[in-house]
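S.K.: Given the structure of chain A, go ahead and fit chain B onto it with the hints provided.
Residue numbers (numbering that gives the first Met the number 0), protein chains in the order written: chain A, 0 to 219; chain B, 0 to 219.
Since the hints were made in silico from the structure, they are not lab data.
Any given hint might turn out to be false.
Said to hold, decoys possible - Only some residues are given here: those of chain A computed to face chain B with a beta carbon under 7 Å:
{"no.": "1", "residue": "V119"}
{"no.": "2", "residue": "A135"}
{"no.": "3", "residue": "A145"}
{"no.": "4", "residue": "M147"}
{"no.": "5", "residue": "L185"}
{"no.": "6", "residue": "L193"}
{"no.": "7", "residue": "R205"}
{"no.": "8", "residue": "G207"}
Please read all numbers here as calculations on a predicted model, not as lab measurements.
Note that beta-carbon positions come from the ideal geometry of N, C-alpha and C, so glycine has one too.
There are 2 protein chains.
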Amino acid sequence: MRISELSRRSGVPVATIKYYLRENLLPKGEAVSATQAEYTEEHLKRLRLVRALAEVAEVPLSRIRAVLEAVDKPDIDLHTLLGVAQYAFTPPTEAPADDPDWERAQRRTAELLAELEWRVGPGSPARGQLTRAVAAMERLGRPPSAQMLRGYAAAAHQAAEWDMDCIDPGASREENVQQAVTMSALMEQALSALRRLAQEDESARRFGCGADGAGAHGEG
Amino acid sequence: MRISELSRRSGVPVATIKYYLRENLLPKGEAVSATQAEYTEEHLKRLRLVRALAEVAEVPLSRIRAVLEAVDKPDIDLHTLLGVAQYAFTPPTEAPADDPDWERAQRRTAELLAELEWRVGPGSPARGQLTRAVAAMERLGRPPSAQMLRGYAAAAHQAAEWDMDCIDPGASREENVQQAVTMSALMEQALSALRRLAQEDESARRFGCGADGAGAHGEG
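Chain A extracted, bound-state conformation (with noise of 0.2 Å):
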């Protein structure tokens, strides 16, 4: 196919795919005059993973290059590849130095986490996301407790395991990428937005006026 219908197969613009090409990110197509190439649909797929890894997961470009050099390389296996994907749309937490809250933090997770038994790598990323949270909370006097963080952690793993249920271990390896990447993104803005709306319905229920939700905000 040509450039054009690349594009609109894909649902990206010409000029976003003239500069993934100058980027490395999508190989070339096979040139078929002096201003044409040809492209398969191979380019296709790859595209719709640079494109979910750019634009909904927010990965950079130079991050986006390792992961599609580990999406080539066909000795690193789904979970690995998984990892590489998740670490690379996780940005790196950078811990302050000499933090009492950072330390009890730090340590409140690993705790939680060697509990509970997740096989989590020493360097996810994730790890340092959880403790920058519960640090701040430390640090405004409102640590979360140990049962929140149990209670959360479940329903979390809970998520995980509806995600990992749409993970085909049959499909590609670039689709298995773009399904990880791209649903771990927007189902987490779905969740965060499940999570307000629960909220709204169970203030409602406990503080709102009347037992006939007529105090719904909004209706006051």
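M.R.: Okay, now just chain B, sitting in the frame of chain A:
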């Protein structure tokens, strides 16, 4: 107390306190000399709330004012007050015109909330947040199944119940709003991190090499 002590006890720099005073987010202290003012525990409480809104929940100053006004109106009940705070830190979503994916997502979102019988106001910005995430998945040709959305909703509601357990109707209005926005914003980050960690664990269990966890990312 003097402004220096207010700064020390709140953890907010003096320059920031002066900025909040100029912006009328904090009432002026009682002047004790031409250059000094005296502040009370009420100032400290208000300052902690402004800080939680501005720094933790990243609420823009213009919307912080609306939250403070609601805090100061005693005829606004706790449920409505929590709603004002939550709406203030959920950015509004603009619906694109003539977008069939958006319309489908909006319909699915409304149907889900109706089925769940959640008490959510028609103007809740989290509706738009959920619609946006579902529409993005529709656009990519990977819409979440109804079963997945229901599962996520159940997990979100469980989290929201724990969240509401942290609200003490006997506490001051400032404290409750501060607690609600702090916990909502920070436990959201914690939940996001826990889900990524759980995905890594679940991926290791399903796709990792060996059943002994040796396939955890970063240990290969």
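S.K.: Against this structure, judge whether each hint is valid.
M.R.: Hints, verified against the model:
1. Interface restraint check: V119 (chain A) against chain B, minimum CB-CB distance 5 Å, threshold 7 Å, status holds.
2. Taken as an interface hint, A135 (chain A) checks out: its beta carbon lies about 5 Å from the nearest beta carbon of chain B, inside 7 Å.
3. Nearest Cβ of chain B to the Cβ of A145 (chain A): about 12 Å, over the 7 Å cut. The hint is violated.
4. Taken as an interface hint, M147 (chain A) checks out: its beta carbon lies about 5 Å from the nearest beta carbon of chain B, inside 7 Å.
5. A distance limit of 7 Å between C-beta atoms decides the matter here; for L185 (chain A) the minimum to chain B is near 5 Å, and the interface restraint holds.
6. A cut of 7 Å between beta carbons decides the hint on L193 (chain A): the least distance to chain B is about 4 Å, and the hint holds.
7. For R205 (chain A), the interface hint holds, since its Cβ comes within 7 Å of a Cβ in chain B; the closest pair sits about 6 Å apart.
8. A hinted interface residue such as G207 (chain A) counts as satisfied when its beta carbon comes closer than 7 Å to some beta carbon of chain B; here the least separation is about 4 Å, so the hint holds.
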